[in-house]
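Novice: Model the full structure from these sequences, guided by the hints.
Same order as they appear, the protein sequences are chains A and B.
Residue numbering for the first sequence follows my numbering, starting at -7 and increasing by one per position.
Residue numbering for the second sequence follows my numbering, starting at 84 and increasing by one per position.
It should be emphasised that the hints constitute simulated quantities derived from the structure, not laboratory data.
Keep in mind it's a predicted model, so treat the numbers as computed, not measured.
Heads up, the beta-carbon is just placed ideally off N, CA and C, and yes, glycines get one too.
It is possible that some hints are incorrect.
[To be verified] Calculated pairs, DSS-like style, for lysine-lysine (alpha carbon to alpha carbon, straight line, at most 30 Å):
id: 1; chain 1: A; residue 1: Lys60; chain 2: B; residue 2: Lys126
id: 2; chain 1: B; residue 1: Lys352; chain 2: B; residue 2: Lys372
id: 3; chain 1: A; residue 1: Lys1; chain 2: B; residue 2: Lys475
id: 4; chain 1: A; residue 1: Lys1; chain 2: B; residue 2: Lys126
id: 5; chain 1: B; residue 1: Lys134; chain 2: A; residue 2: Lys12
id: 6; chain 1: B; residue 1: Lys352; chain 2: A; residue 2: Lys1
id: 7; chain 1: B; residue 1: Lys127; chain 2: A; residue 2: Lys60
id: 8; chain 1: A; residue 1: Lys13; chain 2: B; residue 2: Lys109
id: 9; chain 1: A; residue 1: Lys12; chain 2: B; residue 2: Lys251
id: 10; chain 1: A; residue 1: Lys1; chain 2: B; residue 2: Lys350
id: 11; chain 1: A; residue 1: Lys60; chain 2: B; residue 2: Lys134
id: 12; chain 1: A; residue 1: Lys13; chain 2: B; residue 2: Lys106
id: 13; chain 1: A; residue 1: Lys12; chain 2: B; residue 2: Lys475
[Said to hold, decoys possible] Stretch by stretch, here's where chain B covers chain A in the computed footprint (C-beta under 8 Å, at least three residues):
id: 14; region: 14 to 25
id: 15; region: 48 to 58
Listed here are the chains, written in short residue letters.
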Amino acid sequence: MPNVMIRRKDDGGLLFYVAKKDMEETIASVETDTADAWGGEVELTDGSRWYIDPISPPPSFPTTLRFKRAEV
Amino acid sequence: MAAMTREETQALIQEVLEVYPEKAKKDRAKHLAVNDQSIEQSKKCITSNRKSQPGVMTIRGCAYAGSKGVVWGPIKDMIHISHGPVGCGQYSRAGRRNYYVGWTGVNTFGTMNFTSDFQEKDIVFGGDKKLAKIVDEIDQLFPLAKGISVQSECPIGLIGDDIESVSKKKAKEIEKPIIPVRCEGFRGVSQSLGHHIANDSIRDWVLHNRDGDTSFESTPYDVAIIGDYNIGGDAWSSRILLEEMGLRVVAQWSGDGTLSEMELTPKVKLNLIHCYRSMNYISRHMEEKYGIPWMEYNLFGPTKIAESLRAIAERFDDKIKEGAERVIEKYQAQYDAVIAKYRPRLEGKRVMLYVGGLRPRHIIGAYEDLGMEVVGTGYEFAHNDDYDRTIKEMGNATLLYDDVTGYEFEEFVKRVKPDLIGSGIKEKYIFQKMGVPFRQMHSWDYSGPYHGYDGFAIFARDMDMTINNPCWKSMQAPWLKSAADDAAAPVAASA
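Specialist: Here is the structure:
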């Protein structure tokens, strides 16, 4: 369950940064991304998938969240 | 020698790896790669930030070096205690040439060495009392010091001293911040973790000190220079460009920096990161906590300077954008003259770099401005994200080497035959004896600054005087010369 910092890129996309792993990836898709919740399964551009219980109301970025590896 | 093809470079790596035992070979193979610009993620071609193999000659430092030597050390108005035996502080004293202004020993302490000089009894009975005594002595002898940082050396972690509680207690007594830093040398695989620990200690003990204080009048043009250690005056030659653009530089981290500058940094509008590796942690923290955006920039060589100044100006209004254009135009005659003078002397020369931090990728632009080509580059202590940024800067099929060993580096140089090598002091004399021009690029070979337009002129001059130095023609003893010349003659004639 790594701590993940999520921040906006210059082009508006979201970056998924795990400090301990020096991993910085762009988020490809988010399962729930509506006006009143954000979260669920998150897929990154490198193909890995992570999970977080949807947060309501949606967090303002940048912020640090705890993610789990999504079950395959 | 013509540029190597991908296959040749790959073959070279294989050949160099051949001497290693099976296990070491397998490990080292992951750290050596042929650059491929089409790769987006460096982890697909190169492994980094791993423990060095036992028995090889590595050039890495330790966590203490990363914290005291790099991040904390240059903060001039604080006293940094090298807490532990005397050697660590003494042998790293003032070696990095972080320039600063002030009266050393009165209100600034950059080049001085403060140590608790651990003896056997301190190891046996603990050094906390000694630390408390040192703090009192410092407070008495150097009343103008703004704060103290306690930089732990290995034994502190091993014997389990509680430097945090001593620091808290004494900070209350002397009414100055005392920052305990757990940067024992054995932590991590290189100095890189020391940077991280130092960043975290700034985050926990310094950054929030003035959160409730609104007396600082900010302007919309406030920026902080982060990760510029003012080596040979680098931060100064960067700062004047930013100020000429119309920005106000509130803080310099940490070259020629002060404690109060660090405390004021949360009030700026934009953080400008030069050394991404050592200071990205604190920038990310400030982005999250204070909502300050950050961006990387590069002030080596006119092409990259213009690019960076324009990118910085993009974040501000038209006044700054005009300012950036004005600065670029103002210096154009100056850097055109530098290029006109040195480019003909340096055109086509090939360079291999092996340094740390940001240089293996940032300097490439400056060499290209002089018509030179970087054919191999590598980092001592980089992580994946550094190589992500490097792949795009380097030409295709060039060499990338991570935490290169002494043996590998020598073999690469023998085969690639560069015209110049830029690396550290430990490599300098080996390569000079091999007859290869060499610049010590950790602290600019006792020259500098290299940042900014003023620095570029010095950079070009230094490269020229190294590569075109007449001494390289005198590598052979005069009494051996005639015979050797005769032997070389037929080759020269046929070539």
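Novice: Against this structure, judge whether each hint is valid.
Specialist: Structure-based check of all given hints:
Pair hint lysine 60 of chain A plus lysine 126 of chain B holds up; C-alpha atoms about 22 Å apart against a cutoff of 30 Å. For the hint pairing lysine 352 of chain B with lysine 372 of chain B, the CA-to-CA distance comes to about 13 Å; that is within 30 Å, so the pair holds. Under the criterion of a C-alpha separation no larger than 30 Å, the hint pairing lysine 1 of chain A with lysine 475 of chain B is consistent with the structure, at around 18 Å. Only pairs whose Cα atoms come within 30 Å are accepted, and lysine 1 of chain A paired with lysine 126 of chain B is accepted, the gap being roughly 21 Å.
Only pairs whose Cα atoms come within 30 Å are accepted, and lysine 134 of chain B paired with lysine 12 of chain A is accepted, the gap being roughly 15 Å. Taking the CA atoms of lysine 352 of chain B and lysine 1 of chain A, the gap is near 17 Å; set against the 30 Å cutoff, the hint holds. For the hint pairing lysine 127 of chain B with lysine 60 of chain A, the CA-to-CA distance comes to about 23 Å; that is within 30 Å, so the pair holds. Note on lysine 13 of chain A and lysine 109 of chain B: the hinted pairing holds, with a Cα-Cα distance of about 22 Å set against a maximum of 30 Å.
Simply put, lysine 12 of chain A and lysine 251 of chain B have alpha-carbon atoms about 28 Å apart, close enough for the 30 Å limit, and the pair holds. Straight-line distance between C-alpha atoms of lysine 1 of chain A and lysine 350 of chain B comes to about 22 Å, which keeps the hinted pair within the 30 Å bound. Distance check on the hinted pair: lysine 60 of chain A and lysine 134 of chain B sit about 27 Å apart at the alpha-carbon level, within 30 Å; holds. Note on lysine 13 of chain A and lysine 106 of chain B: the hinted pairing holds, with a Cα-Cα distance of about 24 Å set against a maximum of 30 Å.
With a CA separation close to 24 Å, the supplied pair lysine 12 of chain A and lysine 475 of chain B stays within the 30 Å bound. Counting residues of the region 14 to 25 of chain A whose CB falls under 8 Å from any CB of chain B gives 3; the rule of at least 3 is met. Remark: the region 48 to 58 of chain A is confirmed as covered by chain B, as 3 of its residues place a Cβ nearer than 8 Å to a Cβ of that chain, reaching the required three.
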